[in-house]
Amino acid sequence: MHFTNTLRVALRALRRNTLRSLLTALGMIIGVAAVITMVSIGSGAKAQVEAQVASLGQNLITVMPGSYSSGGMRGGFGSSVSLTPEDADAIAAEVANIDGLSAEVRDRNQVLANGLNWNTNVNGVGPDYPYVRNWPMESGAMFTEQDVKSLGKVCVIGKTVADQMFPNEDPVGQTLRIRNLPFRILGVLTPKGFSIFGSDEDDVVLIPYTSHMRRVSRRTSISMIRIQAADADKVAQVKQSVEDLLTQRRRGREPDFTVRTQEELASAATATAKTMTGLLAGIAGVSLIVGGIGIMNIMLVSVTERTREIGIRLAIGAHGKDVLTQFLIEAILLSSLGGMVGVAVGVGGSQALSSYNGWPVLVPTTWIFISVAGSALVGIISGFYPAYKAAQLDPIDALRYE
Amino acid sequence: MSPVVKIQDLHKIYESGEVPVHAVRGVSLEIQRGEFIALMGASGSGKSTLMNMLGCLDRPTRGTYELDGIDIDELDRNELADLRNQKLGFVFQGFNLLARTTALENVELPMLYGRHRKVSMEKIRERAMHCLEIVGLANRFDHFPNQLSGGQQQRVAIARGLVNEPQVLLADEPTGNLDSKTSVEVMGVFQKLNEQGITIVMVTHELDIAKYCRRNLILRDGVVVRDEMVADRTIAEEEMQRIKAAEAAAKLTHQAKSGA
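As they're listed, the protein sequences go chains A and B. Taking the numbering used here, I'd label the letters of the first sequence as residues 4 to 405. Taking the numbering used here, I'd label the letters of the second sequence as residues 118 to 377.
Since the hints were made in silico from the structure, they are not lab data. Among the hints, erroneous ones may be present.
Straight-line C-alpha distance at most 20 Å; calculated EDC-like pairs for lysine to aspartate or glutamate [to be verified]:
| # | chain 1 | residue 1 | chain 2 | residue 2 |
| --- | --- | --- | --- | --- |
| 1 | A | K324 | B | D185 |
| 2 | A | K162 | A | E97 |
| 3 | A | K324 | A | D400 |
| 4 | A | K152 | A | D92 |
| 5 | B | K328 | B | E354 |
| 6 | A | K324 | B | D193 |
| 7 | A | K324 | B | E152 |
| 8 | B | K204 | B | E152 |
| 9 | B | K204 | B | D185 |
Label pairs and their calculated CB-CB ranges [said to hold, decoys possible]:
| # | chain 1 | residue 1 | chain 2 | residue 2 | range |
| --- | --- | --- | --- | --- | --- |
| 10 | B | S160 | A | Y388 | 34 to 42 Å |
| 11 | A | L22 | B | R176 | 39 to 47 Å |
| 12 | B | E323 | A | Y404 | 36 to 44 Å |
One side only, chain A facing chain B, incomplete, derived with CB under 10 Å [stated by the list, open to error]:
| # | residue |
| --- | --- |
| 13 | N8 |
| 14 | R11 |
| 15 | N20 |
| 16 | L22 |
| 17 | R182 |
| 18 | H322 |
| 19 | G323 |
| 20 | D325 |
| 21 | I371 |
| 22 | P398 |
| 23 | L402 |
Here a beta-carbon is modelled for each residue, glycine too, at the ideal position from N, C-alpha and C.
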């Protein structure tokens, strides 16, 4: 039979049982809508985590000291004291394709100003730090290379510190005392919010790392070096160059540092979101399978109920193939129409969730195609057996069927 | 002219039960174009089995069957389906129309299969409408089977049987589910078609229905025991007029009685 005729016959058959067709398609609609909604919630969560990772800075590479080992006792990563400001200078001088670089020394101190005190993170960094962290100033300016060289007693403060120490006035130009040394406040950083690890990023005071090492913490090593590669393609190459350079500078000693890229960090952070999405999609997929079984069930009932019809068709000249195609098309029409409506319901549902609950929701286009194609596939799989059964009927038996 | 149906020593044995059933035991038969045959016999005489084989729905166990010069023994399942589609028209006892499908769409059905695959929907519709006109139901084309009387449903089924211009129209107890007046109506349609040259073979167990045909075959225990031309044919038109007159008379008497 000509395909358009088969399509017409299948459509007529579905129209003859409108309510049943709608109820059958409902299984598919719910399944697909569930898949779309679940995946949208999952992708929304993933996108949010990715945005937080991106807020660390772009194309970032971090160098951390290795673990410290003494007499059989081993410290964790960063416990070694091997990373020096000279390492940072060497990287800046010798590695190509670097956009920005900042050494970093971390500490916690009690700070005083304005008759108030506050315990906060006091970090020694370089002048590139706001650039590398993609963290612009809200007011004032970052200290300069000159301040680093001259061990300047200057600082910039995060939003939380500004709010705690100077609730009613502009902190820029004021003095902050760290270990009883006066540091002039040059600027305030824009609020950055919480990090992916849950700590308040804005609870920070930044001072030149040289001042930090000599005047505040009296350390000889730095906590880490942050490097920004010129662009995303260069990250791997920069990482390799940094590793080579530092290894060379160690002159054959055991490498006592680790170099990590942001991608590695990001993949760890998004892994949870991915697992979550997979889990949600899995649950939704089960409902899709249930929808498919519903279609198969109805098609089997339909074949039994329409045995006489099949007999008539076979008697007046339908080939087994014609009957097979007809029932298969009916199943595919049911499931893919259900799938398309399901996509609409799912997209609408995700939007509703996002506006009602304020959840970050992202409808991925690929999943829309996957859902529609998947529902058509479910139609083919669940429709094939009933259709095959119908095609194999003997016309005489089918005509006699009561 | 060569016969449209040529059967030689046809046997059908059903092996499905514990004891094989020999339903048709050697039937030889020739049917010429334009014939109008009634196949008669008691139940179990093998007439339905013979009819199924004539309709190419079933294959004989032994013997040969040539339809319009084609030996059906050499055809596969799909070729048999095409043969049924192109050379045969079917009219069943239970009408066998598709429910919730209009009269016109029911008549179109055979044209959706077979060699008509490439025919446009307009042509198909036109042809189906023409066949409904032949059976006098053109004005009911958009009615569903449950909106039609038994006789009308059977006429739709006849239109469906005619739509592919078959060599033979096969009718299996076409009046079995109809009252006597509607039976006359349906037989009238068959007689009219036969006069236009269409070959008709019908199964019936009613003698008065068989009298509308030109030739009567009687089967008993799977063999033809009598094959004769009908001497005093009933003509449906005359019979109809007689019934109408009788009805009118009955009403008249009834009215006269109530008037008195």
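Going through the hints against the structure:
{"no.": "1", "hint": "A:K324 - B:D185", "in the structure": "violated (26 Å)"}
{"no.": "2", "hint": "A:K162 - A:E97", "in the structure": "violated (35 Å)"}
{"no.": "3", "hint": "A:K324 - A:D400", "in the structure": "holds (18 Å)"}
{"no.": "4", "hint": "A:K152 - A:D92", "in the structure": "holds (12 Å)"}
{"no.": "5", "hint": "B:K328 - B:E354", "in the structure": "holds (14 Å)"}
{"no.": "6", "hint": "A:K324 - B:D193", "in the structure": "holds (14 Å)"}
{"no.": "7", "hint": "A:K324 - B:E152", "in the structure": "violated (35 Å)"}
{"no.": "8", "hint": "B:K204 - B:E152", "in the structure": "holds (15 Å)"}
{"no.": "9", "hint": "B:K204 - B:D185", "in the structure": "holds (8 Å)"}
{"no.": "10", "hint": "B:S160 - A:Y388: 34 to 42 Å", "in the structure": "holds (37 Å)"}
{"no.": "11", "hint": "A:L22 - B:R176: 39 to 47 Å", "in the structure": "holds (41 Å)"}
{"no.": "12", "hint": "B:E323 - A:Y404: 36 to 44 Å", "in the structure": "violated (26 Å)"}
{"no.": "13", "hint": "N8", "in the structure": "holds (5 Å)"}
{"no.": "14", "hint": "R11", "in the structure": "holds (8 Å)"}
{"no.": "15", "hint": "N20", "in the structure": "holds (8 Å)"}
{"no.": "16", "hint": "L22", "in the structure": "violated (12 Å)"}
{"no.": "17", "hint": "R182", "in the structure": "violated (91 Å)"}
{"no.": "18", "hint": "H322", "in the structure": "holds (5 Å)"}
{"no.": "19", "hint": "G323", "in the structure": "holds (7 Å)"}
{"no.": "20", "hint": "D325", "in the structure": "holds (6 Å)"}
{"no.": "21", "hint": "I371", "in the structure": "violated (34 Å)"}
{"no.": "22", "hint": "P398", "in the structure": "holds (5 Å)"}
{"no.": "23", "hint": "L402", "in the structure": "holds (7 Å)"}
Consistency with the previously given hints fails for numbers 1, 2, 7, 12, 16, 17 and 21, ordered from lowest to highest.
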